[in-house]
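**Student:** Listed below, chain by chain, are the residues.
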Amino acid sequence: MRSDTPELFKKIFALSAVAILIVGFFLAFIEMPKGWSVNVNGRVSRLYILKNVRTATKLLDSGSFFAKGMKPLRTDVAYTPIEFKKTANLEDGAANVVTSIVVDYRGFDTLGEVTVLFLAVSGVMMLLFGKPRKEKKKKTEPSLIMYVGTRIAFSIIFLFGIYIFVHGHLTPGGGFPGGTVIASGILGLFLGKRGYNPNHAGLKSFEALSGIAFVIIGLIGLFSVNSFLANFLPTGIVGNLYSAGFVALIYIAIGMKVGAELAAMVDTMITDTEEEWS
Amino acid sequence: MSIFNNAALLIAVPLLFAFSIPLFGFVSKQLTKWVALFTIGFNATFSLYILLAHKYPTVVVMGNWVPPFGENLYIGPVAAFLVSVISLIGLLIAIYNLWAIKLGDVTRFSVLFLMFIAGASGMVLTGDIFNLFIFMEITGVSSYALVAYGPRRRALGGAFKFLVVSSIGSTLYLLGVMLIYTQLGTLNIAEIAARINQTTPGLLTFAGILLISGLAVEAELFPFNGWVPDTYTGAVNGISAALSGVGAIAGVYALFRIVMTVLGRDGTYVFTYGKLDLMTVVAILATATVIIGELSALVQKNVKKMLAYSSMAQMGLVAAGFSIGSKLGVYGGIFQLVNHSIAKSMLFLIVGVLVGSGLGERIEDFKGLWRRSPFLSLAFTIGAFSMLGFPLFAGFWSKFAIVGASIQRGGWYDFVIGLILFASVVEAFYYLRIVTYIFSSTSIKEPKIRVNLSPAIPIFILAVVIVAIGIYPNFIGSFSMQSAGEFTHKMTGYVLNVIPTIAAH
Chain A
1 MRSDTPELFK
11 KIFALSAVAI
21 LIVGFFLAFI
31 EMPKGWSVNV
41 NGRVSRLYIL
51 KNVRTATKLL
61 DSGSFFAKGM
71 KPLRTDVAYT
81 PIEFKKTANL
91 EDGAANVVTS
101 IVVDYRGFDT
111 LGEVTVLFLA
121 VSGVMMLLFG
131 KPRKEKKKKT
141 EPSLIMYVGT
151 RIAFSIIFLF
161 GIYIFVHGHL
171 TPGGGFPGGT
181 VIASGILGLF
191 LGKRGYNPNH
201 AGLKSFEALS
211 GIAFVIIGLI
221 GLFSVNSFLA
231 NFLPTGIVGN
241 LYSAGFVALI
251 YIAIGMKVGA
261 ELAAMVDTMI
271 TDTEEEWS
Chain B
1 MSIFNNAALL
11 IAVPLLFAFS
21 IPLFGFVSKQ
31 LTKWVALFTI
41 GFNATFSLYI
51 LLAHKYPTVV
61 VMGNWVPPFG
71 ENLYIGPVAA
81 FLVSVISLIG
91 LLIAIYNLWA
101 IKLGDVTRFS
111 VLFLMFIAGA
121 SGMVLTGDIF
131 NLFIFMEITG
141 VSSYALVAYG
151 PRRRALGGAF
161 KFLVVSSIGS
171 TLYLLGVMLI
181 YTQLGTLNIA
191 EIAARINQTT
201 PGLLTFAGIL
211 LISGLAVEAE
221 LFPFNGWVPD
231 TYTGAVNGIS
241 AALSGVGAIA
251 GVYALFRIVM
261 TVLGRDGTYV
271 FTYGKLDLMT
281 VVAILATATV
291 IIGELSALVQ
301 KNVKKMLAYS
311 SMAQMGLVAA
321 GFSIGSKLGV
331 YGGIFQLVNH
341 SIAKSMLFLI
351 VGVLVGSGLG
361 ERIEDFKGLW
371 RRSPFLSLAF
381 TIGAFSMLGF
391 PLFAGFWSKF
401 AIVGASIQRG
411 GWYDFVIGLI
421 LFASVVEAFY
431 YLRIVTYIFS
441 STSIKEPKIR
451 VNLSPAIPIF
461 ILAVVIVAIG
471 IYPNFIGSFS
481 MQSAGEFTHK
491 MTGYVLNVIP
501 TIAAH
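First to last, the protein sequences are chains A and B. Under this note's numbering, the first residue of the first sequence carries the number 1, and numbering increases by one thereafter. Under this note's numbering, the first residue of the second sequence carries the number 1, and numbering increases by one thereafter.
Looking at chain B on its own, in the form it has when it is part of the complex (with noise of 0.2 Å):
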């Protein structure tokens, strides 16, 4: 066990400008954004330094209370990551921010902007699955308020919708954790993992249910998934961008982190323990996400609730690839949720831009988009190729190898590819559409539209890491093999590092 405890910065670093912002807030309003920036720059740094040097696989214990009888941060491959994704988004949200949101309470919202940043990295690194439950309410609680940040507070009714499904949720896991605490009187992710087969498999399989339907809400599986197209559509589009570019990263990987590290069992495929294998009721609820979603998507008139569906089947495919249980099959899930984040929130935040500059939201707005702006409509083109899939896109690497995986696997995997790959179809249809609609001409002379560079950096430099991984695919592929091995090897890649004395049971 290797002890890292500087790296608790990552969390208290965050914590303490969010605290005091409001003391910034006294000199300018317009300044909150740039010390929200500047922290969330160092977390996109810290995190890439702990990921370049390979400081990982590491323990941060707090209170100088060693795992399992305090509380931890675990950082691995997944961890190390998943947070400079997370924080390298959020970074560039926040120079998107730094144009956008200028009206209303801005101190606010960069308190709560910053805390949705760090309470999704704190989600990823935490090691305790109170812990988790805590973070999950941090990025919850910042995120109700600031989808009902608006002009007009569109997104009120989006808003309080969130707030009473992730409630529901919250309890739902709440509950799961108690279970499982019962049973084996601990909370560290890493005994619970170790010693699983020690409790009642009845309970188990309960808890399991209970964690899962909560984790769910977050990570926008059907049937708890309600909450996402009013959200997503309400919110103004740097929050679009940061809910699907962060909080679904946290969420799917909260998911899954409970469901094959803490209730998995090890092997050529993870199984769970309990009456019922639980990977198998993910991956059904994941198709049945993939489906509803992306027929959704196809009727949608509104450009950013298409998005808000296609983002829900996206997750619903990251899901389905997670739950193949192979290492490919993660890998694949891993990468496409890095890939989703990537250019779900470029995509959002180009809705942004066109909506700042009096454009609508309705697809043949869209219509004539390449004479009036080249630089947005060759973006938007690269996004909506990655989404669907185009090779030489990011987006095609990740997708192949869940369709790999899932082919490997065979059983009844066969079905659920062929439904996703069905799916797929329908995605491609309607991004298509829209594309095809911005190449087309219009015959009325309209005025260019001019991007301010603050919008145009983050724009640019994620539409160049699309084009970069779908070139030279191992740049985030090697990443994200290593982070499949946490998942599928749970003894060696998860619970020896935390607490190298514990003997699996």
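For reference, chain A alone in the conformation it holds in the complex (with noise of 0.2 Å):
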């Protein structure tokens, strides 16, 4: 490795990088007003947070916290409350709230988080690029155990990725966590059985088509609703299974290319290869 900066620069750097977070929470903190209570002409007070928990848990037990002061914004319009399984046609639709923000209001946000990881995993590909080692470092055989156990993992991990990404917009989860599992499924492949070999242009083609499929959905929206990344489709009832409209869609292309993708970048990890420069 290389180094041609003087050591002086990095000191000056980590030091800098200390003293701007402990000047600045010094800062923070004696600008806040005194006391503990929440609210001082308008501001927190300092130690409020420390007794945040407590009283949080307790305004929320008697209810007294948001009944307060909170008005309706519209009063023209009859508040009505959301049922599972019956209110149909909302703005969103997702019955998973966090599901709804990360994928429809900020869409936008989460095709550059898929770019990112789809960056780094081709980052990775491009240092470790390389025809594979002729003669194989010696590695202990997996035991017959593992070999099976791993087998019969495989399945029911692969199903519960499918059914993770499948129902982000209902549940829990969602693109992101369903293609790591997926991928962690074919990592215990790889450790299940010496030599395992996936099918490399299949996996490029599949992580392609689904990055693909992402921006087209994308682009649908430009062309039909005349805005990026717009939901298109009905949003349904709460709750359903086809509901929210396009965030379904979304979120199966990212489950489908994370998959993909940390699969592909462990292959490319576990293959010992040597560098090529012809």
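No lab work stands behind these hints, which were simulated from the structure alone. Being a predicted model, the structure only gives us computed values, none of them experimental. Heads up, some of the hints might be wrong.
[Unchecked claim] Selected chain A positions facing chain B (Cβ under 8 Å, derived; list incomplete):
(1) Lys10
(2) Glu31
(3) Asp104
(4) Tyr105
(5) Asp109
(6) Leu111
(7) Glu113
(8) Leu127
(9) Ile212
(10) Leu219
(11) Ala230
[To be verified] Computed beta-carbon distance windows for the label pairs:
(12) Glu274(A) x Phe429(B): 44 to 50 Å
(13) Gly410(B) x Phe232(A): 53 to 59 Å
(14) Thr492(B) x Thr80(A): 39 to 45 Å
C-beta: ideal position from N, C-alpha, C; glycine also.
Using the hints, put the two standalone chains together into the complex.
**Tutor:** Encoded structure:
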């Protein structure tokens, strides 16, 4: 490894990063009003955060926290509570609120996050690119239990991963966790059998196609609703599998992409290559 | 608020093709470079259309949630101008890459290069501080990997250092975003800008320092620029050109979008809200960067390392110009930013051609270059003259504007500009040293250097552009002046164009 940066630079950088945090926290602390109460002249006091959890629990129990001073934003429309499996045609329609924020309201950020993961995996693959080494390093052969066990577990893990990303709009989870679960199943196959070789072209094209699907879903929004990544499908009834419009479609694309991508990365990292520059 | 949602294609098309490049890789590895070239070409055409047909200022609504409720891109004069510059320079470097990148994993290289340019465009386009973070990550992650590309993995150390520093920077930036979000409950730049004085001043100052230190990593300001020399020296020359020509534009833009639009207070000179004037902090950092960068560049024997330190110093000069806070100062800053990108990327491409034809990277290797390749020698001289601000070259006009603006401001900026002018003398010394070496003759008869068409086109175009700007500065200057207005008048220039109904507080 080359190192051309003067030692002084590194020290100054490290010191300034630490100093910024310490001085900043100190500044913020002395700026806040003294005392324990929630509201001092419209601002949160210094030590409120310390008793926050206890007080908040108490307030929640007595029901006084949310009731006090809360007014509905609009008075011209009658307030109708949302009922599971009954209410239809909501603004977003996903039963899992986190998903509706991640995929619908801030879907553009999620597209960016998928790209970040894709680029990180591409970078790792580019750095480890090369011919597989001829003489293999000696490794211990996995035991019979491992061999049989991973095979049985794989199908269950795979099914579970698919379940997580298909139900992303209903239950906690979604594309990223689901894809990771699938990739962990494939990692099990690698551990269970020496020389396990997945279909590289298949993985690559699967990954590429699911990525393209995400962007095309966005483009359909652009050409049908005139806004990139807009929800162009009816949102349906809250809690049904077929609800929340395009959220489920996007999570399926993300899940397949993340699964294929991480599996390909595991494959790249396990295969022993030598650098090829030809 | 005018809405032009089709401009989302500036981000969507590069993403679509980046995902599909592995499929093109099945056909041929060399084809992928052409795919990247044409995609960046599409971006360049579309952004030039927006700039020249005067489609700005306009808002691009994402997901049909109008700002401030959802995410949006904002294409003002700054974004329209800088995206055009970014994609044009990216296009020229992509043409150079057709010749330079032949070995190794070309498919992944094309993916990463395409996304590096698209990420930088996204940083300039976005109107949301968290989305800015995402695009910073896209630009960052692709550049770590691109830097490490090359024979014998020469820049692995530099890439690792860049990864660590940049990750720390991103984390600090995210902390700053979090603090602002706890105060105002929004991530939209326009809404934060309008309501920034509702925050607690101490927390706001802390958030501002965190945001500045996070963004200063990409904007190459001292003390967050330790990654610059290793990375630029080790990377292949096309990537060094892209880092200094494209990455630096996005970094400086993001820094001053946050400091001037988000935290700033309008006036003849822009100051920031909070306990501390962050424009002053940036001015101090910028001056330190200029002096340290130029003095370090002076002692270098390796041309690439010299250019790297010079790039650092030029970013300091740009930041100093912006931090004056007047319209003339910001005009000089943007103009200098563009001039630096054009000249520095050309210089790196020339070094790339020379290294490709067997010449070394040391300064002595440039001796007698005039005899061996008049074209490259002239182009290098034009670039060097523009860098040091020689009259009738592009760099002169921007440096002149920065000096004029700081004299107009007076006060302690006289001191800043004194130090910067001293550093410019140092800069003139080391650039003219190379130019002298180029035109000095050697007794040994050496063969001529043949320059292929694909690297010659970008070098020629960039050299012509430098001379053209030098003779007719209004060509870039008028766009820079419009852009300066967007930075110095945040309510009329930015906020009201995004959310027309918002009231200033």
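**Student:** All the hints need checking, so say for each whether the structure fits it.
**Tutor:** Against the structure, the hints:
1. With its C-beta approaching chain B no nearer than about 6 Å, Lys10(A) sits inside the 8 Å limit, and its interface hint holds.
2. Contact between Glu31(A) and chain B, as hinted, is supported at the beta carbon level, the nearest pair being about 2 Å apart and thus within 8 Å.
3. At about 7 Å, the closest approach between the beta carbon of Asp104(A) and any beta carbon in chain B falls short of 8 Å, and the interface hint on this residue holds.
4. The closest approach between the C-beta of Tyr105(A) and any C-beta of chain B is roughly 6 Å, which is under the 8 Å cut-off, so the hint is satisfied.
5. For the restraint placing Asp109(A) at the interface with chain B, the shortest Cβ-Cβ distance is roughly 5 Å, inside the 8 Å limit, so the hint holds.
6. Restraint check, Leu111(A) versus chain B: the minimum CB separation of about 7 Å is within 8 Å; hint holds.
7. For Glu113(A), the interface hint holds, since its Cβ comes within 8 Å of a Cβ in chain B; the closest pair sits about 7 Å apart.
8. A cut of 8 Å between beta carbons decides the hint on Leu127(A): the least distance to chain B is about 6 Å, and the hint holds.
9. Annotation: interface hint on Ile212(A) holds; nearest CB of chain B at approximately 5 Å, less than 8 Å.
10. Interface hint status for Leu219(A): upheld, as the beta-carbon distance to the closest one in chain B is roughly 6 Å, under 8 Å.
11. Because the beta carbon of Ala230(A) sits about 4 Å from the nearest beta carbon in chain B, less than 8 Å, this interface hint is met.
12. A beta carbon spacing of about 46 Å between Glu274(A) and Phe429(B) agrees with the range 44 to 50 Å that was offered as a hint.
13. Between Gly410(B) and Phe232(A) the Cβ separation comes to about 58 Å, which falls inside the hinted range of 53 to 59 Å.
14. At about 42 Å, the beta-carbon gap between Thr492(B) and Thr80(A) stays in the expected band of 39 to 45 Å.
Checked against the numbered hints above, the structure violates none of them.
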